[in-house]
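There are 2 protein chains.
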Amino acid sequence: MKSNLKKSILVCIAGSVLATTAQANNFKEADDAIHYRQSAFSLLAYNFGDMGAMLKGKKPFDAQAFNLRAENVAALSKLPLEGFISGSDKGETGALAKIWAEKSDFDAKMKQLQQDSAALAIAAKSDDKKALKQAFMKTAKNCKGCHDVYKKD
Amino acid sequence: MKSNLKKSILVCIAGSVLATTAQANNFKEADDAIHYRQSAFSLLAYNFGDMGAMLKGKKPFDAQAFNLRAENVAALSKLPLEGFISGSDKGETGALAKIWAEKSDFDAKMKQLQQDSAALAIAAKSDDKKALKQAFMKTAKNCKGCHDVYKKD
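Taken in order, these protein sequences are the chains called A and B.
So for the first sequence, the working numbering puts the first residue at 1; every next one is plus one.
So for the second sequence, the working numbering puts the first residue at 1001; every next one is plus one.
These are calculated hints, taken from the structure and not from any lab test.
Glycine residues also receive a C-beta, built at the ideal position from the N, C-alpha and C atoms.
Take these hints with a grain of salt, some might be off.
Once the Cα atoms are required to be at most 25 angstroms apart in a straight line, the calculated DSS-like pairs of lysine-lysine come out as [stated by the list, open to error]:
| no. | chain 1 | residue 1 | chain 2 | residue 2 |
| --- | --- | --- | --- | --- |
| 1 | A | Lys58 | B | Lys1006 |
| 2 | B | Lys1130 | A | Lys6 |
| 3 | A | Lys144 | A | Lys109 |
| 4 | B | Lys1109 | B | Lys1152 |
| 5 | B | Lys1028 | A | Lys144 |
| 6 | B | Lys1028 | A | Lys59 |
| 7 | B | Lys1059 | A | Lys28 |
| 8 | B | Lys1007 | A | Lys59 |
| 9 | B | Lys1138 | B | Lys1109 |
| 10 | A | Lys133 | B | Lys1138 |
| 11 | A | Lys98 | B | Lys1007 |
| 12 | A | Lys133 | A | Lys111 |
Interface residues of chain B toward chain A, partial, derived using beta-carbon atoms under 8 angstroms [as the list claims (entries may be wrong)]:
| no. | residue |
| --- | --- |
| 13 | Ile1013 |
| 14 | Ala1014 |
| 15 | Leu1043 |
| 16 | Ala1045 |
| 17 | Asn1072 |
| 18 | Ala1075 |
| 19 | Ile1122 |
Hey, can you work out the whole structure from these sequences and the hints?
Printed below as a string of structure tokens:
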């Protein structure tokens, strides 16, 4: 059983960047943390963009699909912050060093994104299209608000 | 307002691979779909691996952290399937062409992972450590079970 557990876990974490030290996060190197947050942002952008396409009429609005996208965005919004570890301003990243100089403000902005995404996921379950658009806009503003300050052009 | 909406969405989907056609998925190219599913698997592996480290005693067990990881895994398990679009067996991928030859079996396996991950997220909220370990093992088996058949060594 113990050997099976080990084998199954090894397959599940194949390709992951897990270390086995008792740190708050488990990144071995800054590049792993950068990859983690970029993966999360990429998935977030894809799911959010699909919602935007529906709201802008670039594809048919599908309430069920919109709801799933909103749930994905709410879940994904929780992930990137863990990847902004100390020292990960160096490497293949658009993140400005300013993030770490103003970490508490950056963290607050990321948490605002999480809150607004959670509210959007709730709004997506209602039939109130106006409220849904407002919740979408509120979430979208987080991206620009944060990128303007903390991301390279 | 319309211009603001456009600007905010554009920032939110910066770097995404969104097309604006009315397809079921929004990938412009097979490589975008490959990148999408690999990003999801990578985040999944990281979060799942951390749970494994806690269960194996490689780091202290933290019920709250374990619960968050389980929620992440449950959410992330829903994402990769969308990236297995037709033609995306070609490229930088470990996915075998067999996936598309036996797509309904592959889809069923991915949905089993989603179900087991959802059950794990529920188990993670209880104090029953034995049930939690069993739910973890059940989820872990999906990785090996699917990789053995559908992934290059």
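Cross-check of the supplied hints:
1. A:Lys58 - B:Lys1006: Holds. Lys58 (chain A) to Lys1006 (chain B) sits at ~12 angstroms (cutoff 25 angstroms).
2. B:Lys1130 - A:Lys6: Holds, at roughly 17 angstroms.
3. A:Lys144 - A:Lys109: 11 angstroms, holds
4. B:Lys1109 - B:Lys1152: Measuring from Cα to Cα gives roughly 17 angstroms; hence the hint holds.
5. B:Lys1028 - A:Lys144: 24 angstroms, holds
6. B:Lys1028 - A:Lys59: 15 angstroms, holds
7. B:Lys1059 - A:Lys28: Holds, because 15 angstroms separates the two Cα atoms, which is no more than 25 angstroms.
8. B:Lys1007 - A:Lys59: Holds - the C-alpha atoms of Lys59 (chain A) and Lys1007 (chain B) are around 18 angstroms apart, at most 25 angstroms.
9. B:Lys1138 - B:Lys1109: 13 angstroms, holds
10. A:Lys133 - B:Lys1138: Since the Cα atoms of Lys133 (chain A) and Lys1138 (chain B) sit roughly 40 angstroms apart, the hinted pair is violated (cutoff 25 angstroms).
11. A:Lys98 - B:Lys1007: 24 angstroms, holds
12. A:Lys133 - A:Lys111: 20 angstroms, holds
13. Ile1013: 4 angstroms, holds
14. Ala1014: Holds, because the Cβ-Cβ distance from Ala1014 (chain B) to chain A comes to roughly 7 angstroms (cut-off 8 angstroms).
15. Leu1043: 5 angstroms, holds
16. Ala1045: OK, holds: Ala1045 (chain B) within 8 angstroms of chain A, min 3 angstroms.
17. Asn1072: 7 angstroms, holds
18. Ala1075: Because about 3 angstroms separates Ala1075 (chain B) from the closest Cβ in chain A, which is inside the 8 angstroms limit, the hint holds.
19. Ile1122: 16 angstroms, violated
In this structure, the hints that do not hold are numbers 10, 19, in rising order.
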